[in-house]
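Asks: Residue numbers (my numbering), protein chains in the order written: chain A, 1 to 315; chain B, 1 to 317.
Treat the hints with care, as some may be off.
Stated by the list, open to error - List time: in silico SDA-like cross-link candidates among lysine to any residue, alpha-carbon distance up to 25 Å: (1) Lys52(B) x Asp158(A); (2) Lys161(A) x Lys54(B); (3) Lys161(A) x Asp275(B); (4) Lys161(A) x Leu71(B); (5) Lys54(B) x Phe164(A); (6) Lys102(B) x Asp304(B); (7) Lys161(A) x Ile56(B); (8) Lys161(A) x Thr46(B); (9) Lys52(B) x Leu71(B); (10) Lys54(B) x Leu162(A); (11) Lys125(B) x Asp310(A); (12) Lys125(B) x Ala140(B); (13) Lys161(A) x Tyr24(B).
Claimed, not checked - FRET-style restraints, in silico, Cβ to Cβ: (14) Arg205(A) x Trp129(B): 37 to 47 Å; (15) Arg34(A) x Asp214(B): 25 to 35 Å; (16) Pro47(B) x Gly163(A): 20 to 30 Å; (17) Arg228(B) x Ser214(A): 50 to 60 Å; (18) Arg137(A) x Leu71(B): 20 to 30 Å; (19) Asn65(A) x Phe21(B): 35 to 45 Å; (20) Leu227(B) x Phe219(A): 54 to 64 Å; (21) Leu65(B) x Glu167(A): 29 to 39 Å; (22) Leu16(B) x Leu104(A): 32 to 42 Å; (23) Arg137(A) x Phe215(B): 28 to 38 Å; (24) Leu134(A) x Trp129(B): 40 to 50 Å.
No wet-lab data here; the hints were simulated from the structure.
Think of the CB as a built atom: it goes at the ideal place given N, C-alpha and C, for glycine as much as any other residue.
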Amino acid sequence: MTDIGSHSETAQPRRAIAAVSVWHLRLRRFRRHRGGMASLFVLLLVVLFCLAAYPLESYLGIDSNATDLLSRYDGPSALHWLGTDEGGRDELLRLMYGGQISLLIGLLATVFGGMIGVSLGLVAGYFGGRLDSLLMRLVDGVIALPLLPLLIVLAAVDLTKLGFSSEFAHSGAAGFWRVVVIIAVFDWTAVARLVRAATLSVKERDYVLAARASGAGAFYLMGVHILPNIVTPIIVAFTLTVGRVILFESVLSFLGFGIVPPTPSWGNMLSNAQELVFTAPALAIYPGLLIFITVIATNLLGDGMQHAFDPRSET
Amino acid sequence: MGAFVARRMFETLIVLFVMSFVVYGLIGLMPGDPIDIMAASTPGVTPEVVAKLKAIYGLDQPLLLRYGRWLIAALQGDFGFSRTHSQPVVEVLAPALWQTCKLMLISFALSVVASLVLGVASALKPAGWVDALVSLFAFAGISVPVFWLALVLILTFAVGLHWLPASGMSNVGDGGLMDQIRHLALPVLTLTLASAGQFTRYVRSAMIETLRMDFVRTARAKGAGALRVIVTHALRNALIPVVTVMALSFGTLFSGALVTETMFAQQGMGKMIYDSILSNDYNLALTGLLFATLITLLANLGADLAYGWLDPRISLK
Numbered sequence: 001m002t003d004i005g006s007h008s009e010t011a012q013p014r015r016a017i018a019a020v021s022v023w024h025l026r027l028r029r030f031r032r033h034r035g036g037m038a039s040l041f042v043l044l045l046v047v048l049f050c051l052a053a054y055p056l057e058s059y060l061g062i063d064s065n066a067t068d069l070l071s072r073y074d075g076p077s078a079l080h081w082l083g084t085d086e087g088g089r090d091e092l093l094r095l096m097y098g099g100q101i102s103l104l105i106g107l108l109a110t111v112f113g114g115m116i117g118v119s120l121g122l123v124a125g126y127f128g129g130r131l132d133s134l135l136m137r138l139v140d141g142v143i144a145l146p147l148l149p150l151l152i153v154l155a156a157v158d159l160t161k162l163g164f165s166s167e168f169a170h171s172g173a174a175g176f177w178r179v180v181v182i183i184a185v186f187d188w189t190a191v192a193r194l195v196r197a198a199t200l201s202v203k204e205r206d207y208v209l210a211a212r213a214s215g216a217g218a219f220y221l222m223g224v225h226i227l228p229n230i231v232t233p234i235i236v237a238f239t240l241t242v243g244r245v246i247l248f249e250s251v252l253s254f255l256g257f258g259i260v261p262p263t264p265s266w267g268n269m270l271s272n273a274q275e276l277v278f279t280a281p282a283l284a285i286y287p288g289l290l291i292f293i294t295v296i297a298t299n300l301l302g303d304g305m306q307h308a309f310d311p312r313s314e315t
Numbered sequence: 001m002g003a004f005v006a007r008r009m010f011e012t013l014i015v016l017f018v019m020s021f022v023v024y025g026l027i028g029l030m031p032g033d034p035i036d037i038m039a040a041s042t043p044g045v046t047p048e049v050v051a052k053l054k055a056i057y058g059l060d061q062p063l064l065l066r067y068g069r070w071l072i073a074a075l076q077g078d079f080g081f082s083r084t085h086s087q088p089v090v091e092v093l094a095p096a097l098w099q100t101c102k103l104m105l106i107s108f109a110l111s112v113v114a115s116l117v118l119g120v121a122s123a124l125k126p127a128g129w130v131d132a133l134v135s136l137f138a139f140a141g142i143s144v145p146v147f148w149l150a151l152v153l154i155l156t157f158a159v160g161l162h163w164l165p166a167s168g169m170s171n172v173g174d175g176g177l178m179d180q181i182r183h184l185a186l187p188v189l190t191l192t193l194a195s196a197g198q199f200t201r202y203v204r205s206a207m208i209e210t211l212r213m214d215f216v217r218t219a220r221a222k223g224a225g226a227l228r229v230i231v232t233h234a235l236r237n238a239l240i241p242v243v244t245v246m247a248l249s250f251g252t253l254f255s256g257a258l259v260t261e262t263m264f265a266q267q268g269m270g271k272m273i274y275d276s277i278l279s280n281d282y283n284l285a286l287t288g289l290l291f292a293t294l295i296t297l298l299a300n301l302g303a304d305l306a307y308g309w310l311d312p313r314i315s316l317k
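Required output: the full structure, derived from the provided sequences and hints.
Replies: Take a look at the structure:
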């Protein structure tokens with residue numbers, strides 16, 4: 001997989017043979033993918049935008065959660081750069097804090113769902129047989145479900161009936177983790193399928209067989225020999241999942257079953273959108289536009305990485 | 001073939017059965033129960049009365065027993081009474097189901113047509129400018145939050161241009177066909193744009209792959225016209241995987257319908273499920289969810305059958 005890169009390293013005659021790692025090559029290929037590079041840049045800007053909440057809040061000297069019913073729907077001003085929302089709160093700061101929540105949920109739910117998907121995919125692909133067909137039936141079943149209504153039912157579940165204390169059930173943290181968990185519980189099927197297929201193609205390779213012959217156990221083989229060799233499609237799938245999760249979070253919060261105000265998220269900032277359309281159209285645009293830009297950038301980033309990681313996809 | 005259909009029907013029933021139990025259990029975990037809600041809105045009710053009411057409606061029984069009773073009634077077509085509509089659930093559900101079918105089927109048909117045209121156009125010259133534009137459109141379609149797309153369309157066509165109504169299903173006192181179509185236009189447009197992106201990507205990649213096949217080159221070499229090669233030779237073969245993934249996306253389409261109906265105040269299944277969960281109308285929520293699952297399962301079954309019918313190389317067993 002390494003390139004004996006004498007042609008690219010001619011500037012250093014002393015190292016006549018310089019090994020170029022496979023990741024170096026992938027990075028090089030990714031850099032040539034304009035869409036991928038542009039979206040990486042956009043995503044960095046989005047992250048910086050969200051993190052700018054802290055310095056901006058202290059610079060302007062306002063509290064992002066302070067409501068002021070006398071100045072609802074104010075236009076942009078020196079103090080409120082994008083104006084104020086229905087509670088008289090600063091729209092720009094809420095967009096920044098809301099973005100932190102939305103991005104964090106996107107990452108966390110992807111990691112948790114991804115762990116479910118990777119483990120089930122590895123197990124199904126490696127052991128095969130009955131277990132495999134059972135797990136794949138489960139995947140088919142989950143894919144066939146109308147997700148959104150089910151997510152709503154799960155989000156409506158009363159945590160106190162599950163034995164949690166009433167104090168915890170109504171806290172902001174419970175609302176946050178609930179969204180992460182219910183999305184992760186459903187959004188692992190794509191990763192599971194992909195990991196299973198990749199495992200099937202790798203598990204009969206010679207180095208895996210050699211390791212098995214020298215006595216390596218099943219889970220050692222999966223973790224040490226199979227997983228590292230199928231990591232690239234997993235990275236791509238994770239990237240695409242982040243975008244999908246952000247969309248799920250936003251629609252759940254928009255419908256009132258996700259992040260609960262006063263904590264802002266890009267979705268719940270639009271929850272009274274039908275009213276906004278007539279009173280303050282700009283406020284109906286900003287949060288959705290940020291979701292749109294972020295998700296399209298993650299999708300294009302995933303596309304770019306796929307091109308970089310898979311030399312055959314050169315079309 | 002017959003055995004295959006029978007087995008798949010059986011599997012569909014199993015999934016539906018499992019779902020009914022899971023959803024029944026989940027609904028029981030939603031805040032309050034019907035009697036608590038009744039008690040909360042009736043001041044001065046004593047705990048003894050509440051306990052007695054619960055005993056009358058069997059709510060003090062264990063979950064499995066209640067589920068068993070519900071299942072027996074449901075199998076006889078009795079899905080209970082909707083608390084908020086004060087009507088049997090079936091009577092609330094039927095018109096909503098019809099409304100959703102209209103929305104979903106029209107949008108599905110339109111996005112299939114759009115994706116076929118766009119997907120084929122971009123596959124003919126990968127990396128050309130048409131392909132770049134179409135890919136951008138496809139990525140936008142996948143990435144846009146459906147509720148926000150609806151908002152933007154309302155802002156543009158209803159608030160800005162005053163062309164179409166922003167919500168509702170018909171104007172009071174009108175309700176003619178033209179009026180209904182005008183009210184359906186924006187919801188259909190929203191759902192079509194939201195699903196066409198994904199479909200276009202399927203068509204594009206399947207078409208690119210098929211156009212590289214030997215039989216396409218042979219057809220060209222034998223002098224078949226460009227249109228004939230593209231439509232009769234390539235597209236027919238490219239459609240096989242595409243049909244499956246399209247039918248599999250019915251669940252996603254239903255999620256989109258829920259959002260669209262809520263945004264445009266259309267009294268369909270999606271909005272009905274959403275409202276029933278908001279207002280703790282358990283029977284309605286449960287039955288609505290099961291019917292939504294049934295629709296997507298039937299679409300999947302249809303996909304499997306279409307797969308075998310389109311591709312004679314596959315024998316269904």
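Asks: What hints, given by number in increasing order, does this structure fail?
Replies: none
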